[in-house]
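**Student:** Chain by chain, the residues:
There are 2 protein chains.
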Amino acid sequence: MLRAKIFVQLKAGVLDPQGKAVMNSLITMGYKDVVQTTISKYIQVDFDNSDVEEVKRMTKEMCDNLLANPNTESYRFEIEEI
Amino acid sequence: MLRAKIFVQLKAGVLDPQGKAVMNSLITMGYKDVVQTTISKYIQVDFDNSDVEEVKRMTKEMCDNLLANPNTESYRFEIEEI
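Note that the protein sequences, when read in sequence, are chains A and B.
Residues 11 to 92 (our numbering) are what the first sequence spells out, left to right.
Residues 11 to 92 (our numbering) are what the second sequence spells out, left to right.
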């Protein structure tokens, strides 16, 4: 079994209202040292397949075709044995 | 500067309709090897503070009081130098 650990985040320059809202809340709560917050999606996909190269290829396709919005989001992933 | 890398995920047993929807889509798209998908939040908080113990303490408070829903979500985090 292999697991793809995928991070999908907004591209630089794309407005992140959720991250901004969290940062404003944290500062209001008194955490004055906070300088930036970002919120991303972390997606785990488990495969009943032990061919790392094939799982990498499928994960890239999944990100390009379903998991990430190519207009506004970038992604990175790693594959690990589980 | 320190960065808290926080993962907020649904507790085991809590229904994950978004993860289920993604899994169904992937299987419909032909990825028959997929056995499970989960979707979590990945939150980065950057601090203008280099005291690791203090940043750990603040991050735990933030998770308990704002970032995670204690009824349905669990969290884990790591602190790194940036």
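It is possible that part of the hints are untrue.
[Unchecked claim] Distance ranges between label pairs, derived from CB positions:
#: 1; chain 1: A; residue 1: SER60; chain 2: B; residue 2: MET11; range: 38 to 48 Å
#: 2; chain 1: A; residue 1: VAL24; chain 2: B; residue 2: SER60; range: 27 to 37 Å
#: 3; chain 1: A; residue 1: SER60; chain 2: B; residue 2: SER60; range: 34 to 44 Å
[Unchecked claim] Below, computed lysine-lysine pairings styled on DSSO-like, alpha-carbon distance capped at 30 Å:
#: 4; chain 1: B; residue 1: LYS30; chain 2: A; residue 2: LYS42
#: 5; chain 1: B; residue 1: LYS70; chain 2: A; residue 2: LYS70
#: 6; chain 1: A; residue 1: LYS42; chain 2: A; residue 2: LYS30
#: 7; chain 1: B; residue 1: LYS70; chain 2: A; residue 2: LYS42
#: 8; chain 1: B; residue 1: LYS70; chain 2: B; residue 2: LYS42
[Unchecked claim] Listing some non-contacts, in silico: residues in chain A with all C-beta distances to chain B over 12 Å:
#: 9; residue: ARG13
#: 10; residue: ALA14
#: 11; residue: GLY23
#: 12; residue: VAL24
#: 13; residue: GLY40
#: 14; residue: VAL45
#: 15; residue: ASN59
#: 16; residue: ASP61
#: 17; residue: THR82
#: 18; residue: GLU90
Since the hints were derived computationally from the structure, they do not count as laboratory data.
Glycine included, each C-beta is placed from N, C-alpha and C at the ideal position.
**Student:** Now tell me if each hint is right for this structure.
**Tutor:** So, going through the hints one by one against the coordinates:
1. Between A:SER60 and B:MET11 the Cβ separation comes to about 40 Å, which falls inside the hinted range of 38 to 48 Å.
2. Distance hint check for A:VAL24 and B:SER60: the Cβ-Cβ separation is about 30 Å, which falls inside the suggested range of 27 to 37 Å.
3. Here the CB-CB span from A:SER60 to B:SER60 is close to 43 Å, well matched to the stated 34 to 44 Å.
4. For the given pair, B:LYS30 sits about 39 Å from A:LYS42 by alpha-carbon distance, which is inconsistent with the 30 Å threshold.
5. For a cut-off of 30 Å, the pair hint linking B:LYS70 to A:LYS70 is broken: about 34 Å separates their Cα positions.
6. Straight-line distance between C-alpha atoms of A:LYS42 and A:LYS30 comes to about 14 Å, which keeps the hinted pair within the 30 Å bound.
7. Distance restraint check for B:LYS70 and A:LYS42: the Cα-Cα separation of roughly 16 Å lies within the 30 Å cut-off, and the hinted pair is therefore satisfied.
8. The hinted pair formed by B:LYS70 and B:LYS42 fails the criterion: a straight-line CA distance of about 39 Å is larger than 30 Å.
9. With a minimum CB-CB distance of about 9 Å to chain B, A:ARG13 fails to clear the 12 Å threshold, and the non-interface call is violated.
10. Against the 12 Å criterion, A:ALA14 falls within the reach of chain B, whose nearest CB is about 9 Å from its own CB.
11. Listed as outside the interface, A:GLY23 is consistent with that label: its C-beta sits roughly 17 Å from the nearest C-beta of chain B, beyond the 12 Å cut-off.
12. The Cβ of A:VAL24 lies farther than 12 Å from every Cβ of chain B, with a closest approach of about 15 Å, so its non-interface assignment holds.
13. For A:GLY40, the requirement that its beta carbon stay farther than 12 Å from each beta carbon of chain B is not met, with the minimum near 10 Å.
14. For A:VAL45, the non-interface assignment is contradicted: its Cβ lies about 5 Å from the closest Cβ of chain B, within the 12 Å cut-off.
15. The beta carbon of A:ASN59 sits about 4 Å from the closest Cβ of chain B, which is not more than 12 Å, so the claim that it is off the interface is violated.
16. Against the 12 Å criterion, A:ASP61 falls within the reach of chain B, whose nearest CB is about 9 Å from its own CB.
17. Even its closest Cβ contact with chain B, about 16 Å, leaves A:THR82 beyond 12 Å, as expected for a residue assigned away from the interface.
18. With a closest Cβ-Cβ approach of about 14 Å to chain B, A:GLU90 is found to remain outside the 12 Å limit, as its non-interface label requires.
Of the numbered hints given earlier, the model fails hints 4, 5, 8, 9, 10, 13, 14, 15 and 16; all others are met.
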